[in-house]
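Spelled out, the chains give:
There are 2 protein chains.
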Amino acid sequence: MVLYIIGLGLFDHKDITLRGLEAVKKSERVWLENYTSILHCPTAELEEAYGKKIELATRTDVESESDKILRGADVEDVSFLVVGDPVCATTHTDLMIRAREKGIKTRVIHNASVMGAAGSSGLHLYNFGATVSIPFFTEGWKPTSFMDKLEYNRGGDMHTLCLLDIKVREPDFEAMMKGKEVYLPPRYMTVNQAVEQIIESLPARESEFKILEKTLCIGMARLGHDDQCIKAGTLEELREEEFGGPLHCFIVCAEEVHELELEAVEEFIVEGSSWKTEKK
Amino acid sequence: MVLYIIGLGLFDHKDITLRGLEAVKKSERVWLENYTSILHCPTAELEEAYGKKIELATRTDVESESDKILRGADVEDVSFLVVGDPVCATTHTDLMIRAREKGIKTRVIHNASVMGAAGSSGLHLYNFGATVSIPFFTEGWKPTSFMDKLEYNRGGDMHTLCLLDIKVREPDFEAMMKGKEVYLPPRYMTVNQAVEQIIESLPARESEFKILEKTLCIGMARLGHDDQCIKAGTLEELREEEFGGPLHCFIVCAEEVHELELEAVEEFIVEGSSWKTEKK
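Heads up: the protein sequence lines correspond to chains A and B, in order.
For the record, in the first sequence the residue sitting at position 242 is 242 according to full-length UniProt numbering, with numbers rising by one throughout.
For the record, in the second sequence the residue sitting at position 229 is 229 according to full-length UniProt numbering, with numbers rising by one throughout.
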C-alpha cells in the first residue's frame, strides 16, 4: 500500500495530473495540506471534482502529529495533497522520512510549482540563484538576511526569486488570553509590501543605489491562473502598482539582464518605466 | 483562439493535467516538441491517450519556422506540447514572442519540470544556485565554464543542478557528404559521463581537492518515473554506479549540507560511502 504525495499545481481542481487523480480515486483517505500555499478553489470543489472526501491537515498534523496522516497507509492507499509540487517546499520532506521509518512506501506525483512558473516572467530559469523568503516585518523584528543572499546572487549575475510570507491560522492572542481559541484572518504578503520592505532594508548596503534605481524587478501574482498578473519595472515604479488577490511573488533581477530575456520581459514593463525608454 | 503551450511533465501520457488535456481535446492541431527532452512513452501512446493526431516539431520548426506552428492559431485552437514545463526551458520563449507579435493569444499550462523534481534528492530547492548545463566534451572542445558557476554557487553555500547534454537528430556528416540525409542515434549523457567530465575539469582549480574528496554529489535518473534512481556519494564513489536509461541529471552540493537535508538524502547514499560512515 502506498502513501501518495500528490502535487495539485497552482490554480484549481483542473491542475491535478491524470496520474494524481488516479491515485486519489483509489485512496481510502485523502488529506489536503493548505497552509503553505493556496489554490483558487474551495476544498468542496476539489471534493466534488475528485469524488472523494478530503480532510484538512493543519501544520501541527503534518509537523508534530504525522502518525495521524500515516495511520493506515501500510494497509490501504492514502493520498496527501499539496498545492504546487511536493518536493519544492521543505514542509513535506519530514512526512516522507517518517513514512520511510515506518516502512510505508511513498510515491511522489509531481506538478508545477511557483519555482518553475517563475519562468513566466520571461527570465531564464537557469539564471536564478538561491530563492529567498521575505517575512512580514513587525515593529521590533525586521530580519534582512534575505538581502545578503540577494546580493550574493547579484554578484554572480543571478536573479533572485523572493517568496512572500503567508500567515494562516495565526492565533489571536487577545482572544486566546480570554480562553477562546480564535485565529486571525489569513494574510498574504503583496508585491507592494515586499517592495516596501526591500526599500526599508537597503540603507547602508553597498548595492543600495543600484537596486533602487538601476535594477529590473518583476512582481507576479496568481501564476498559472487565468488572471495571472506580471509587471516589471524598478522597485520605485512597482511600489504603487496593483496586482490583485494572492498569491504574490517577486523577482529582483541580476545587474545584467540578457538581451533575449529583456525581449521576453518587455510586454510586462509598466508604462513610463525607465526600462522602457532607456533600454529598448 | 488560443495557442496552448502545454507541459506534459516528466514520465508518460498520464502526467498531463486535466486542464492540459481539455485544451488538447479542443485543439484543431497538436504539436509535440521532443528534442530538448523525452517522455517514457512513444508518440503513438500519447495520440491514443489524448485521442488526437500529434505532429512532431523539429528544432528547425520551432526556432526558424515557427510560422508553421502558429499557422491557423488565430482562427482555431492549437496545442504545442512540451516535455516538462514550457517556461523551464528557454526554447519556447521565442515561440511565445512570435505569437505575441502576430496577435495570437497564448496560454501556458504548467507542469512538473526537472528543476522542481530535483527536490526529490532531499535537498532544499531554495538552496540551489544557478543551474548549469554540461555539454558532451569532444577531442578538441572541452568547455569548462560550467565549473565557474558551480564554484560561485559553492562560495555562497548553494547546490548546483547540472543538466546533462542531449543530442538528437545529429547529422551523420559522412553520410551527408554522400548526399544522404542521415541522422545519428540519439545520445543522452549519463551521470557517469558527467562525473568523468567534472573530474577532467578539476585540475588546477582551487576547489579541486574539496570537490573531489569532500563534496556530496547526487546522481539522478528518470525523475518522476516509476523506476527513478537516485544515488549519493562523492564524485569518485558515483563514477562506476549504474543509473539505467535516460534522462540523467546531477547535483554537486554546497560545501555544507544542512542537517535536515542530510537526513533526507541518507536513503540514497551508496554502500561504503565516506558520507555514510563519517557524517552520520
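The hints are simulated quantities; they were obtained by calculation from the structure and are not laboratory data.
It is possible that part of the hints are untrue.
The list cannot tell twin chains apart, which means a pair is met if one copy fits it or any two copies do.
Computed list of lysine-lysine pairs in DSS-like fashion (alpha-carbon distance at most 27 angstroms, straight line) [as the list claims (entries may be wrong)]:
| # | residue 1 | residue 2 |
| --- | --- | --- |
| 1 | 14 | 53 |
| 2 | 52 | 25 |
| 3 | 14 | 210 |
| 4 | 142 | 210 |
| 5 | 52 | 14 |
| 6 | 102 | 231 |
| 7 | 276 | 53 |
| 8 | 180 | 26 |
| 9 | 276 | 167 |
| 10 | 142 | 214 |
| 11 | 105 | 231 |
*For residue 142 vs residue 214, is the C-alpha pair at or below 27 angstroms within one copy, between two copies, both, or neither?*
within (24 angstroms within a copy, 36 angstroms between copies)
*Check residue 105 against residue 231 for me: Cα-Cα at most 27 angstroms, and say if that holds within a copy, between copies, both or neither.*
between (43 angstroms within a copy, 18 angstroms between copies)
_Homomeric proximity label, residue 142 with residue 210: Cα distance no greater than 27 angstroms_ = within (22 angstroms within a copy, 36 angstroms between copies)
_Intra- versus inter-copy proximity for residue 26 and residue 180 (alpha-carbon distance at most 27 angstroms)_ = neither (39 angstroms within a copy, 53 angstroms between copies)
*Up to 27 angstroms between alpha-carbons, please classify residue 52 paired with residue 25: within, between, both or neither.*
both (7 angstroms within a copy, 25 angstroms between copies)
*Is it within, between, both, or neither for residue 14 and residue 53, if the alpha carbons may be no more than 27 angstroms apart?*
both (17 angstroms within a copy, 23 angstroms between copies)
*Same-copy or cross-copy closeness of residue 276 to residue 53 [CA-CA at most 27 angstroms]*: Classified as neither; 50 angstroms inside a copy, 42 angstroms across copies.
*Which holds for residue 52 with residue 14 at a C-alpha limit of 27 angstroms: within a copy, between copies, both or neither?*
Classified as both: same-chain Cα gap 15 angstroms, cross-chain 20 angstroms, threshold 27 angstroms.
*Between copies, within a copy, both or neither: which fits residue 102 and residue 231 at Cα up to 27 angstroms?*
For residue 102 and residue 231, the Cα distance is within 27 angstroms only across copies (22 angstroms; inside one copy 47 angstroms).
*Could you place residue 14 and residue 210 in one of the four classes (within, between, both, neither) given a Cα distance threshold of 27 angstroms?*
neither (42 angstroms within a copy, 47 angstroms between copies)
_Identical-chain pair category, residue 276 with residue 167, by Cα at 27 angstroms_ = neither (36 angstroms within a copy, 38 angstroms between copies)
Violation of the numbered hints given earlier is confined to hints 3, 7, 8 and 9; the remaining hints are satisfied by the structure.
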